[in-house]
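Novice: Quick mapping for you: the protein sequence lines, in order, are chains P and R. Quick note on this note's numbering: the first sequence kicks off at 144 and runs consecutively. Quick note on this note's numbering: the second sequence kicks off at 6 and runs consecutively.
If you are wondering where the hints come from, they were derived from the structure by calculation, not from laboratory data. Keep in mind that this is a model prediction, so the values were computed, not measured. Beta carbons are placed, not taken as given, at the ideal position from N, Cα and C, and that holds for glycine. Mixed in with the good hints, there may be bad ones.
To be verified - The calculated label-pair distances, taken between Cβ atoms and stated as ranges, are:
#1 P/V423 with R/S400: 17 to 27 Å
#2 R/G344 with P/T354: 26 to 36 Å
#3 P/E448 with R/G344: 55 to 65 Å
#4 R/F303 with P/V423: 27 to 37 Å
#5 R/S354 with P/Y444: 56 to 66 Å
#6 P/Q332 with R/D343: 35 to 45 Å
#7 P/V423 with R/R386: 12 to 22 Å
#8 R/F303 with P/R406: 50 to 60 Å
#9 R/D343 with P/R406: 12 to 22 Å
#10 R/S373 with P/M405: 18 to 28 Å
#11 P/E445 with R/D343: 52 to 62 Å
#12 R/R386 with P/S387: 39 to 49 Å
Listed here are the chains, written in short residue letters.
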Amino acid sequence: MAKYETVIGLEVHVELATKTKIFCGCSTAFGGAPNTHTCPVCTGMPGSLPVLNKQVVEYAMAVGIATNCKITQNCKFDRKNYFYPDNPQNYQISQLYLPICRDGRVEIELEDGTKKTIGIHEIHMEEDAGKLIHDEWDDCSLVDFNRSGVPLIEIVSEPDMRSAEEVNAYLDKLRLIIQYLGASDCKLQEGSMRADVNLSVREVGSKEFGTRTEMKNLNSFKAIARAIAGERERQIDLIESGESVIQETRRWDDTKGYSYAMRSKEDAQDYRYFPEPDLVPIIISDEWLDEVKSRQPEFRYEKLERYKKEYEIPEYDAKIITESKHMADIFEDTVAICNKPKKVSNWLMVETMRLMKAHELEAEELSFSPENLAKLIELVDAGTINGNVAKEVFEKIFLDNIDPVDYVDKHGLKMDNDVDGLKVILEKIISDNPQSVEDYNNGKKKAIGFLVGQAMKETKGKANPGVINKMIQEMLDKN
Amino acid sequence: MGLTELTAVGLGKKIKAGEVTVKQAVEAVFEQIEKTEKDVNAYVTVLDKETVLKRAEEVQADIDSRKLDSPLAGVPVAIKDNMCTEGILTTCSSKILGNFNPTFSSEAVINLENAGAVIVGKANMDEFAMGSTTETSAYGETKNPWNLGHVPGGSSGGSCAAVAAEECFFALGSDTGGSIRQPSSFCGVTGLKPTYGTVSRYGLIAYGSSLDQIGPVAKDVTDCASILEIIASHDKKDSTSVNRESYKFTDSLTDDVKGMKIGIPKDYFGDGLDHEVKEAVLAAADVLKEKGAVVEEFELGLVEYAIPAYYVIASAEASSNLARFDGVKYGYRTNDADGLHGMYKRTRSEGFGEEVKRRIMLGSFVLSSGYYDAYYLKALRTKALIKKEFDKAFSKYDVILGPASPTTAPKLGESLSDPIKMYLGDIYTISVNLAGLPGISLPCGTDSKGLPIGLQLIGDCFKENNIIRAAYSFEQSREYKRPEIVLG
Numbered sequence: 144m145a146k147y148e149t150v151i152g153l154e155v156h157v158e159l160a161t162k163t164k165i166f167c168g169c170s171t172a173f174g175g176a177p178n179t180h181t182c183p184v185c186t187g188m189p190g191s192l193p194v195l196n197k198q199v200v201e202y203a204m205a206v207g208i209a210t211n212c213k214i215t216q217n218c219k220f221d222r223k224n225y226f227y228p229d230n231p232q233n234y235q236i237s238q239l240y241l242p243i244c245r246d247g248r249v250e251i252e253l254e255d256g257t258k259k260t261i262g263i264h265e266i267h268m269e270e271d272a273g274k275l276i277h278d279e280w281d282d283c284s285l286v287d288f289n290r291s292g293v294p295l296i297e298i299v300s301e302p303d304m305r306s307a308e309e310v311n312a313y314l315d316k317l318r319l320i321i322q323y324l325g326a327s328d329c330k331l332q333e334g335s336m337r338a339d340v341n342l343s344v345r346e347v348g349s350k351e352f353g354t355r356t357e358m359k360n361l362n363s364f365k366a367i368a369r370a371i372a373g374e375r376e377r378q379i380d381l382i383e384s385g386e387s388v389i390q391e392t393r394r395w396d397d398t399k400g401y402s403y404a405m406r407s408k409e410d411a412q413d414y415r416y417f418p419e420p421d422l423v424p425i426i427i428s429d430e431w432l433d434e435v436k437s438r439q440p441e442f443r444y445e446k447l448e449r450y451k452k453e454y455e456i457p458e459y460d461a462k463i464i465t466e467s468k469h470m471a472d473i474f475e476d477t478v479a480i481c482n483k484p485k486k487v488s489n490w491l492m493v494e495t496m497r498l499m500k501a502h503e504l505e506a507e508e509l510s511f512s513p514e515n516l517a518k519l520i521e522l523v524d525a526g527t528i529n530g531n532v533a534k535e536v537f538e539k540i541f542l543d544n545i546d547p548v549d550y551v552d553k554h555g556l557k558m559d560n561d562v563d564g565l566k567v568i569l570e571k572i573i574s575d576n577p578q579s580v581e582d583y584n585n586g587k588k589k590a591i592g593f594l595v596g597q598a599m600k601e602t603k604g605k606a607n608p609g610v611i612n613k614m615i616q617e618m619l620d621k622n
Numbered sequence: 006m007g008l009t010e011l012t013a014v015g016l017g018k019k020i021k022a023g024e025v026t027v028k029q030a031v032e033a034v035f036e037q038i039e040k041t042e043k044d045v046n047a048y049v050t051v052l053d054k055e056t057v058l059k060r061a062e063e064v065q066a067d068i069d070s071r072k073l074d075s076p077l078a079g080v081p082v083a084i085k086d087n088m089c090t091e092g093i094l095t096t097c098s099s100k101i102l103g104n105f106n107p108t109f110s111s112e113a114v115i116n117l118e119n120a121g122a123v124i125v126g127k128a129n130m131d132e133f134a135m136g137s138t139t140e141t142s143a144y145g146e147t148k149n150p151w152n153l154g155h156v157p158g159g160s161s162g163g164s165c166a167a168v169a170a171e172e173c174f175f176a177l178g179s180d181t182g183g184s185i186r187q188p189s190s191f192c193g194v195t196g197l198k199p200t201y202g203t204v205s206r207y208g209l210i211a212y213g214s215s216l217d218q219i220g221p222v223a224k225d226v227t228d229c230a231s232i233l234e235i236i237a238s239h240d241k242k243d244s245t246s247v248n249r250e251s252y253k254f255t256d257s258l259t260d261d262v263k264g265m266k267i268g269i270p271k272d273y274f275g276d277g278l279d280h281e282v283k284e285a286v287l288a289a290a291d292v293l294k295e296k297g298a299v300v301e302e303f304e305l306g307l308v309e310y311a312i313p314a315y316y317v318i319a320s321a322e323a324s325s326n327l328a329r330f331d332g333v334k335y336g337y338r339t340n341d342a343d344g345l346h347g348m349y350k351r352t353r354s355e356g357f358g359e360e361v362k363r364r365i366m367l368g369s370f371v372l373s374s375g376y377y378d379a380y381y382l383k384a385l386r387t388k389a390l391i392k393k394e395f396d397k398a399f400s401k402y403d404v405i406l407g408p409a410s411p412t413t414a415p416k417l418g419e420s421l422s423d424p425i426k427m428y429l430g431d432i433y434t435i436s437v438n439l440a441g442l443p444g445i446s447l448p449c450g451t452d453s454k455g456l457p458i459g460l461q462l463i464g465d466c467f468k469e470n471n472i473i474r475a476a477y478s479f480e481q482s483r484e485y486k487r488p489e490i491v492l493g
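Here chain P stands alone, though its shape is the one from the complex (with noise of 0.2 Å):
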């Protein structure tokens, strides 16, 4: 199989964090009862007419420029014309001739550290299209257009691409540029961005492509990575035994693990593209090009390093951090309040993760906030709350965003500081444990760990583990 070389190309469409959809004043909201976010404009009313939301112009600037491309100064609109009941005009606005993005590039780093660049052949905005639902029992099918005219940018790469390897280091260098700049949440699953995977195989060192085929429907990183071998087999495989590869689309079956032909070339539609006479040129001038410019914030990649040389967190920890923007944003704005970076780091490196692993949740969906975090810390470094009800506390500001301050008033969970108090409990479990005791004297030190655990119970965790180990440790030595 070493013979054979997997060329790939991708279509990665990204739906767009505007308020309002492209041509219309619609609500973008997920979710709603069908047909309640429309107007005659995105349900195709005879007489309607479309508006250019300028929010999209510039979500797919600043993509553009993030992912280096030349943007056209003079764009323009097209029409692709085809008939389906998902597509309330029987055309799509989206943009052929003169697309807002062209000749990008974005640089990709693999798991062994080795860096290539991934070529952007263009970038384009689009109307989304509404979705149809089959209604099983009256046997019919009914259209929503709630996502009809929700904005869209495709993006598509030049075929750069030669494993499944590269393929999710780009789209993850997309992600993380988009959301960056808050042009999308970028959720695969949901379908806010979407990759269609062009793949050809050829012979190592061959000079010229082979046929390719579009694969569609891939809804997770590792369904990509099983569409993409499945493809390169499969491929492969009619090369091998004489026929040839047929240019056409494919829909990846995830739980079947295998792709079956939707259309070939020949019935290929003709879309019959034409400027979108409805709408006018974008004019993009110096002026506006250099104002979202200059709006661009800090990427990933910068971010990273300035938060191991300002911060003097790890790479590694500054790396996991960075990987989601919302992260970041936690990070930073908990930092500017308790000026402690290690300390918010180790709490989103640990306790965040581990919450967010056993809870299924994404980093996106965090939602604590900074100032809750950091009153946590502060409870903590005053001596006010041990490291066993901090954690409990956290798990409550992570599910419920609860005030720390509060919650510890409320359930008494200060740490005791009655010296001499803890000295009367302490004395008593240390006549009561003969054994521990005889243990520690013979040298097993670590025995002082379960007088430590019983005074712990004994004030119900509220006291300082490391005040209770010093005491038990004088009081021992003593004897």
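Please build the complex by placing chain R on the supplied structure of chain P, with the hints as guidance.
Specialist: Relative to chain P, chain R alone:
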């Protein structure tokens, strides 16, 4: 003089002065409709009289309380049936929209209603505005009030016939390749196609989006300027709507063309032009010359390319614009179909007429892969070159003068058998749309058969004032002629 003989502005004045009530005006129109509509068939839909009278009452109250002060307050109007009217059947004279009640009104209609105009009905037209005779309507052809054996022109034939037959005081039409000016010329009324972007297209059911423009049809130039002043607006809902420096069109209603430079394209007076039309138009030029205008002939160039370029562009846009009529969401759906694509095919085969299908096929063909560059792209380039020719002309002239149509109204049934010949009849009007210019057609005589002849005046973009002034001056030299309708 009967009430319906008044111009729109004339009636508006009398209503404001309290000499005529809105109710009387509405009743006069309904009386006329009763008398002539059966023969003329200017309307697809005449509104229920009681509903119109109720609206008349409301408008009257607003006029009486001085809430309404527009020159058209209380004046009954017909709206071409390709403009959406909320809750009122809007068919585009097609079977496919035979049951379509829009949920909103066109911006131009809203502007009219805000000014107090009273809608009487929806005017017949060529199906989806495709045609030059109003014979392609699915609801029967409209007949020319001057001679019921002749066509009224098209596609705004219903609007123009309704004005000529006095079944309304004025009408709105739309003009993609001459659809206001040519039927105005055939029906002996005045029709103005504004500069592209002047009147919002929001709510106008599109035929050729880059060419379509709504405009007034009325008895005289004063009416047209007054109506345009009301319907024109910068509308953010229409991206091609232009924010004009001035919307004052009535300021140009002055009888003064001294020093105005008028060019006559020699190319417009060659083969194919009926000699009676030619003489009447040249006589009109002489009138303006006598009034002090500087009139000279010039060569416009590229005139013969306008028709092919237009039919490529308009059909291409139409093939896409009409795709939404598919039986899924609204309008006609076939009773009998197998599967989704079967439903699409049957619905559209049964719902559209011959001319519409011809243009959808033509448009689909010129946009198809492999032909796009040869046809559509070339047509767009031709359009740009035609615009340049006009730019050159308007660097020398204020107004271009010519006929609106090579002939007067043909007989019913003469045109459809030879569509190419019908298309060639658009030669003088079409390039105005390709270049986005304003144009007006007004009566300048009748031929030996007694059919009206139209004079066309073309202005540079946003220079409606020039053509309104020239048209108004010319109009002062003659009386408005009413058709004598010989009822069947």
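Novice: Where does the structure disagree with the numbered hints, that is, which hint numbers, in rising order?
Specialist: No hint contradicted; all consistent.
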